[in-house]
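Peer 1: What follows is each chain in one-letter form.
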Amino acid sequence: MSVPPLPEAPDDGAVAVAAPAQGAPRLLPRPRMGGLIPWVIAILIALVVIAAAGGLALRNLAENARTELAAAVTVQVIEPNPDLRGARGEAVVAALRGMELVRTVRVVPQEELAALLEPWLGEGATSGDVPIPVLVDVELTRRAAPAEIAAIARALETRVPGARIDAQSEWLRPVYSALGALQWLALGLIGVVALATAAAVWLAARNALAQHRETVEIIHLLGGTDRQIIGIFLGTVLREAAFGAALGTILGAGAVWLLGQQFAALDSGMASGGGLAPTDWLAIAMVPLAGVLLALATARMTIALALRDML
Amino acid sequence: MNERGAEIVKFDNVGLRYGTDPEVLSNLSFTLYPGSFYFLTGASGAGKTSLLKLLYLAQRPSRGAIRMFGQDVMTMPRERLPDLRRRLGVVFQNFRLVPHLTAFDNVALPLRLAGADEARIIKAVSDMLEWVGLAHRAQAIPATMSGGEQQRVAIARAVIARPRMLIADEPTGNVDPEMALKLLRLFEALNNRVGTTVVVATHDVHLLKKVPDSLIMRLNKGQLSDPTGALRYPPRPAAAPRAGDPA
Chain S
1 MSVPPLPEAP DDGAVAVAAP AQGAPRLLPR PRMGGLIPWV IAILIALVVI AAAGGLALRN
61 LAENARTELA AAVTVQVIEP NPDLRGARGE AVVAALRGME LVRTVRVVPQ EELAALLEPW
121 LGEGATSGDV PIPVLVDVEL TRRAAPAEIA AIARALETRV PGARIDAQSE WLRPVYSALG
181 ALQWLALGLI GVVALATAAA VWLAARNALA QHRETVEIIH LLGGTDRQII GIFLGTVLRE
241 AAFGAALGTI LGAGAVWLLG QQFAALDSGM ASGGGLAPTD WLAIAMVPLA GVLLALATAR
301 MTIALALRDM L
Chain U
1001 MNERGAEIVK FDNVGLRYGT DPEVLSNLSF TLYPGSFYFL TGASGAGKTS LLKLLYLAQR
1061 PSRGAIRMFG QDVMTMPRER LPDLRRRLGV VFQNFRLVPH LTAFDNVALP LRLAGADEAR
1121 IIKAVSDMLE WVGLAHRAQA IPATMSGGEQ QRVAIARAVI ARPRMLIADE PTGNVDPEMA
1181 LKLLRLFEAL NNRVGTTVVV ATHDVHLLKK VPDSLIMRLN KGQLSDPTGA LRYPPRPAAA
1241 PRAGDPA
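Residue numbers (my numbering), protein chains in the order written: chain S, 1 to 311; chain U, 1001 to 1247.
Isolated chain S, as found in the complex:
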């Protein structure tokens, strides 16, 4: 009887117990996580891309508006006598020009005011029948604190009776508040979608493990380590999640681009402040990467915990 053609024994005659292979090449066919997982991940990533882009656009919108408006105030003087309005406006300009905080002062011309009001008041805006207040635009050297605005207001009141000062940013406080709420909503949506992604991967990983339980047991009994088994499954998760994430990013970015075009067509000053900067696009590009990492971490934890129940 010939000796079977066994591989050579190690030098010391001990059994070959090598360190576990780093990868797990061709140990198993690729276990499928479930046919729908890449598509589910694609949809969820697309939602996150849209939510992230929306949140960033709202942040930009609020920041731009805040920057523009925070360093400006409007002075309003209500003067029923049209003959005195010009003098009142000049008095306001004179009072403000000496102040350290003021950069430029401009009396809004009556024609400009009339043009602004005409869509609402019709010809009445120019007839002189309606008393139109004097408006003075004031650009400040920096963003002013409420106390500084109040100090300007007090100084004006003593020199120009009836003058009222409005910090422009105050007009938009409710808008900022709404924009802030929308940003939190976008963040919340991202969190919920991340949880949904993790849950979908968790279920798929458990199903895949149950489907291949016999094979996993065989690999264990032949000396396979948990790390090798996890490696086999993570390879599949990586492929399927990467495909889903890439597809979702394309869909989400396409939707964001289309929405951007729609808003750009509005030609509104406020909407144009909500554009996405290159750094924002970079942040959006991180979404699929984060999605894949989340899927990998979830699958790894799920499989490791399930393997711990096996001997």
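Honestly, the hints are just simulated from the structure, not real lab data. Positions of the beta carbon are idealized from the N, C-alpha and C atoms, including for glycine. Hints should not be assumed to be uniformly reliable.
What the hints assert, rightly or not - Stretches of chain U that chain S covers, calculated by requiring three or more beta carbons in the stretch to come under 8 Å of a beta carbon on chain S:
(1) 1007-1014
(2) 1069-1083
(3) 1108-1115
Claimed, not checked - Anything over 10 Å on all C-beta distances counts as not near chain U; from chain S, calculated:
(4) Asn64
(5) Pro131
(6) Gly260
(7) Leu276
(8) Ala285
Following the hints, complete the assembly by docking chain U onto the known chain S.
Peer 2: Chain U in isolation, oriented as in the chain S frame:
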């Protein structure tokens, strides 16, 4: 005692029960020595497969103590079990081939799990398949193979990594007498020339006579008896070279 000492496996008052059922194995105390050839016999339901599961570390006992290769299996963290399992070769009763893999890849599995390089794997597996007469079936998947072919693949997989201990559950049940004898000679060759400890569970009393120096452990309702002194202390010496074997 280290693994080169006098024992490969030591059971001390081991019992095994599944759930809350009565014990299927009771008060097992025995020692397996390097280079010995053991037959494990007993009627169906006597507990042979349960005992083999303890030996190939698919199960921990409900009570008692087991040492393998000098290490305490009962308290060993599961992360260290793969190291012990790689010293074992197992022929499962129902073969347990990986259904998606070819005969070649099934046989290669222990070497791949141990991190062997691919060139060594290709050579060793090709030679082994040739030896068990399945070279022409290397690319076949188990579902397309006969019971005998699957059994030979399972045996090739069990011995490919030169295990320190070979455990076989009814290894000749699905092959013809000629192949059964050939496989038995393979186990003997491993036992005699490589020093592998062999444990073969079988119903086949004729098989026992074909390995003259073998020791017999008999299980009856979960209890061991010892018709050939396999379990006595001090132990019999390891299997001596047979007449006619080259020095």
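Peer 1: Against this structure, judge whether each hint is valid.
Peer 2: Here is what the structure says about each hint:
1. Given as covered by chain S, the stretch 1007-1014 of chain U fails the check, having 0 residues with a CB less than 8 Å from a CB of that chain where 3 are the minimum.
2. For the stretch 1069-1083 of chain U, the proposed coverage by chain S is satisfied: 5 residues have a C-beta within less than 8 Å of a C-beta in that chain, meeting the threshold of three.
3. Three residues within the 8 Å Cβ limit are the bar, and the stretch 1108-1115 of chain U against chain S gives 7, so the coverage statement holds.
4. With 10 Å as the threshold on Cβ separation, the claim that S/Asn64 sits away from chain U holds: the shortest Cβ distance comes to roughly 56 Å.
5. Distance check for S/Pro131 against chain U: the nearest CB is about 87 Å away, which clears 10 Å, and the non-interface claim stands.
6. Every CB of chain U lies more than 10 Å from the CB of S/Gly260, the least distance being 48 Å, so the non-interface label holds.
7. For S/Leu276, the condition that its CB be more than 10 Å from all CB atoms of chain U holds, with the nearest at approximately 47 Å.
8. Distance to chain U confirms S/Ala285 as a non-interface residue, since its nearest Cβ pair spans about 37 Å, more than 10 Å.
Violated hint for the displayed structure: number 1, the only one.
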